[in-house]
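Enquirer: Residues per chain are reported as follows:
Protein chains: 4
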Amino acid sequence: MKVGILTGGGDCPGLNAVIRAVVRKGVQEYGYGFVGFRDGWRGPLEGDTVPLDIPAVRGILPRGGTVLGSSRTNPLQHEHGIRRIRENLAKLGVEALITIGGEDTLGVATRLADEYGVPCVGVPKTIDNDLSATDYTFGFDTAVSIATEAIDRLHTTAESHMRVLVVEVMGRHAGWIALHSGLAGGANVILIPEQRFDTEQVCAWVTSRFRASYAPIVVVAEGAMPRDGDMVLKDETLDSYGHVRLSGVGEWLAKEIEKRTGKEARTTVLGHVQRGGTPSAFDRWLATRFGLHAVDCVRNGDFGKMVALRGTDIVRVPIAEATARLKTVDPKLYEEVGVFFG
Amino acid sequence: MKVGILTGGGDCPGLNAVIRAVVRKGVQEYGYGFVGFRDGWRGPLEGDTVPLDIPAVRGILPRGGTVLGSSRTNPLQHEHGIRRIRENLAKLGVEALITIGGEDTLGVATRLADEYGVPCVGVPKTIDNDLSATDYTFGFDTAVSIATEAIDRLHTTAESHMRVLVVEVMGRHAGWIALHSGLAGGANVILIPEQRFDTEQVCAWVTSRFRASYAPIVVVAEGAMPRDGDMVLKDETLDSYGHVRLSGVGEWLAKEIEKRTGKEARTTVLGHVQRGGTPSAFDRWLATRFGLHAVDCVRNGDFGKMVALRGTDIVRVPIAEATARLKTVDPKLYEEVGVFFG
Amino acid sequence: MKVGILTGGGDCPGLNAVIRAVVRKGVQEYGYGFVGFRDGWRGPLEGDTVPLDIPAVRGILPRGGTVLGSSRTNPLQHEHGIRRIRENLAKLGVEALITIGGEDTLGVATRLADEYGVPCVGVPKTIDNDLSATDYTFGFDTAVSIATEAIDRLHTTAESHMRVLVVEVMGRHAGWIALHSGLAGGANVILIPEQRFDTEQVCAWVTSRFRASYAPIVVVAEGAMPRDGDMVLKDETLDSYGHVRLSGVGEWLAKEIEKRTGKEARTTVLGHVQRGGTPSAFDRWLATRFGLHAVDCVRNGDFGKMVALRGTDIVRVPIAEATARLKTVDPKLYEEVGVFFG
Amino acid sequence: MKVGILTGGGDCPGLNAVIRAVVRKGVQEYGYGFVGFRDGWRGPLEGDTVPLDIPAVRGILPRGGTVLGSSRTNPLQHEHGIRRIRENLAKLGVEALITIGGEDTLGVATRLADEYGVPCVGVPKTIDNDLSATDYTFGFDTAVSIATEAIDRLHTTAESHMRVLVVEVMGRHAGWIALHSGLAGGANVILIPEQRFDTEQVCAWVTSRFRASYAPIVVVAEGAMPRDGDMVLKDETLDSYGHVRLSGVGEWLAKEIEKRTGKEARTTVLGHVQRGGTPSAFDRWLATRFGLHAVDCVRNGDFGKMVALRGTDIVRVPIAEATARLKTVDPKLYEEVGVFFG
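So the sequence lines, in the order shown, correspond to chains A, B, C and D. Residue numbers for the first sequence follow this note's numbering, beginning at 211 and rising by one. Residue numbers for the second sequence follow this note's numbering, beginning at 211 and rising by one. Residue numbers for the third sequence follow this note's numbering, beginning at 211 and rising by one. Residue numbers for the fourth sequence follow this note's numbering, beginning at 211 and rising by one.
For the record, the hints were derived by calculation from the structure and aren't laboratory data. Just to be clear, a hint being listed does not mean it is correct.
Given that identical chains are not distinguished, each listed pair holds provided it fits within a single copy or across any two copies.
The calculated SDA-like cross-link candidates involving lysine to any residue, where the alpha carbons are at most 25 angstroms apart (straight line), are [what the hints assert, rightly or not]:
(1) 473 x 258
(2) 537 x 524
(3) 465 x 521
(4) 469 x 252
Bear in mind that the values here come from a model prediction, so they are computed numbers and not experimental data.
Could you build the full structure based on these sequences and the hints that come with them?
Expert: Okay, here's the thing in structure tokens:
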């Protein structure tokens, strides 16, 4: 049996660990052959492949990014896109497809599976951890670790100069990275896209922190928005996803804090460093297990499914269902964490 | 209300995060007062306390170890130990006790609660992750991260010299650290206490790895034992828990591999570095949430319970039940990982 | 004898290591008493002090920032500033001053020493490594390490998406951080303030890198400027020194590269994370030795001097001379490194 | 012109950076061809080579170890060893040799150059930093960083349990790693091979540290020896250099401390992790500059020389002279650091 693999969307630490696990188990246990498609859906669309055997996956476990390359190519936006994919798969003798990606990438897989009968297995990938069907996605732990380490470092600068430091982290629609790294980093304010923030309240927390002779760290997700909606949009800025970004909320907030509290404030936008480099041990473990279970899905003919983490188990869920709903931060959890604000 | 806190057993990254969370929430939301007991059960046994208020927990989140100190003092082994504890608690006006510790520490809490009606709440702590009631314990992720980083480093030495490197990691009764760090570090053999290993099989994996022109890394838990039971015990060695250790299995294995395969082999015993230093972001998150929920147990009068992680939720389980059974590595999981051996 | 200590200017990893070494040696070997002044020159100007004895410096070696606080207060800009300092020193019985800082801070020390006979010893501090009298300043190695780690991480993102990544690092007047981290991180282009860059040449290197099937990393010091001077200035931006910044050169360059090469480009501005957090082992060593030798200067009555590193030796140079000339990157060294461009 | 490269002796972070720099500059600027010899002197002895061009050195900068492999093969111990090397070099058309190694490896190069006229250029390599001609060798900073990080971690364990922690680091003949990491890690005692230690004095420091309510960290170089020479040798132990080791001084010392002070003591032997993995930014910089200057030596026909660091300059020194004398820790420097003992 010949199985195709592709990685789509933004890169994410752990992609290579998935690829390696799929190939190792597929070749050794099931005798499969593999075809790597380049740059997400562009690969099968244009028939652009790389050989993928055991030597090809040696040494890639600790490497960030994806040896297959990635892109945001959406075959649904190309004329006869799906037909061309089917033809290319047929030409290459590829009988099943393992697609590693987020909502968009897996959405195409659903269409391929549902409408054209292409046997697909999904592996969830989003650094933002906002897929509802799985407890965690790989890459998230690495991003949180990097952001936490940055916040640890910024504390000393904040305190030496008695300044406010605003740290803008990734998270356009969900505040998971902000919430976890803010908590782990001992931030004094954490702002997430799920709940519009009250700039006055933020300033009150900042002021109360100074009153206790400490300098405040404010962690803000890039998608967070003020309630008192006078944020001036900064046009032409692309976010870390390559989309036009609503604003530079970190910079905006630092200026507002300076204006309203009279304290010096600085912004740091962590940006791409959050998604690059070697995956954390947790992400290597999760990504590897996702890969092992994905190839088992193929083996069992269990298509249209996505692997997911539940507790410490890897389970299978329908792809369509898994990508239907964004997993946002529960207001109760946000409130729980709120005890550390101010 | 006045609440006592103690940390018992081996130190573990995340203990301070628990203490901080308990105190922050307890003082701010519930108006509690806190008393820190020094060095585990020695504190209440001897009435040795430290003041514990919000200033006392400032800045401790990222610090490893425990500001309260720890010990293996077991009041059950002291004459009238339990009675002395009750008297000291009464004298100090302590109405509830939050005990952070492993099997032994929580076992005493169970006795105190069951037999003497002392209201106790437990927070599980074991770097080995071998408590059955919780998906993970804090400290484990840090230990796995440190071990994985060490294995990453050892690969280059192994390959430059075409040597076998045997890495001995913590885990006397359960192989979780070996399994996770071995998988994440791309080890070629992982040996755990749950399953006696066949030295011939290990040597076969080693040899096959060299045949593929790569140098093998063997990760072995300190409690792993050979099936072909001729391991010479190294007397008088203490393990990282302060107990007499069965053997120096890493050193023994390296010598056997040299003898049987003719290849050079070296051992590295990671030792105490696995349990020291700043907790990982994951462990800070988990430990903080355990602390927040432990103080909620006190608030709800829900005693005799231990907080535990299930998926992404913090739940409450009876302490007695939680410590009854060691959580060992499931043979199926070990087999799943075995695809990477050799 | 009573000795005052202050830290001025931007914070820098290693400041606490200097303070600890001064106090440890001064108290233990010479029996000195110490007075810490808060927030740079603001401390002696306003008589704002902190007690500084051995317990006060325990545990501060690995901590970034400065326990004394810092500021950019310049007493020369305050009416009777110098006189007020002399009066406050006299009132406190402070007979000598150890000033840890950059050009500005040490400049004041020179004035104090030369014009008013206040016995001063200087310890050089600049994260930018641009003081001519010393081989290296502490903090620089930490900044380079953090920037290098970030560049390591960005490589995988660049290659997964075949994008240009522009990394803006600190360095307003000197390109040391860019040069060292760019070389260590395997950057394909490094741009420094010492030499205006030719945007066309940068684009040619970028294009040639893509031709070799690799994605380019461009490291640019914040003070670098294009030769073809059409860079649009971004007003109101403060650089990491708290001064108005000439431009957001990283963002500007990424846009130019996109426009001229047709390739996607993204910017990451590392910002404050470069100067915060625990110092590297090298910086702890250097800062500690600076501290030990600074207190020896006091002991020897050798005032008006600054400690400096020459090879592996700590030497003494006149403060005035030391701060007279900026140490910029030698064109020959820049050319030597240029072999890796493109 | 065709140039051979080999790496001999123990592996060391930075070897690949040297190789890459030599090849990049040699090919691009001088049009040289390169031949890589496998496993140190074994390569030219047996004519075992690997192709070495620009694609072969891509991506190796951040990788520890050596892509050429290493060994301790000494051609002087093989019959007609030198003659066979000359014949193999002639057969391959190799006109000059760049040898990267320590005393032993460079010693052979000297013989080859002096007695047989083989044009050799040396690049110093010793993780121990004990070559007299150069301020620093690459690999040393990485080893010190890893050891310092380990010591940082061990502090929390020591203090949580009020135990002595003895950390054994590399350094058979010179105490540089112990001295630098011990100082940077805030150790309370540092023991080096250059000066036999007085166990009673060590115990006095340990006791005094406990008296100040802190737990002591003792850093000991593997080659350190007690003055009161009753150390029981542990036979058959190999040190990290593959030689029979005199003792397990760390373990011995921990037992003595327990016996004499009555305090619990534990040992951690850092071992191979000190020499593996990605080089620090400093080592990448140094190793790269060594490589660039080594190929310049070839270009200038300046043979029999070794590149060396003096301050911030790379200079050339006669190989023979460079390896004649071990660079040990100056007693004055050791005394300077001694202010932190106890």
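Enquirer: At most 25 angstroms between C-alpha atoms: does residue 537 with residue 524 qualify within a copy, between copies, both, or neither?
Expert: both (18 angstroms within a copy, 18 angstroms between copies)
Enquirer: Is it within, between, both or neither when you check residue 473 against residue 258 at 25 angstroms Cα-Cα?
Expert: between (55 angstroms within a copy, 20 angstroms between copies)
Enquirer: Is it within, between, both, or neither for residue 469 and residue 252, if the alpha carbons may be no more than 25 angstroms apart?
Expert: So residue 469 and residue 252 pass the 25 angstroms test across copies only (24 angstroms; inside, 48 angstroms).
Enquirer: With 25 angstroms as the alpha-carbon cut-off, assign the pair residue 465 and residue 521 to within, between, both or neither.
Expert: neither (42 angstroms within a copy, 40 angstroms between copies)
Of the numbered hints given earlier, the model fails hint 3 alone.
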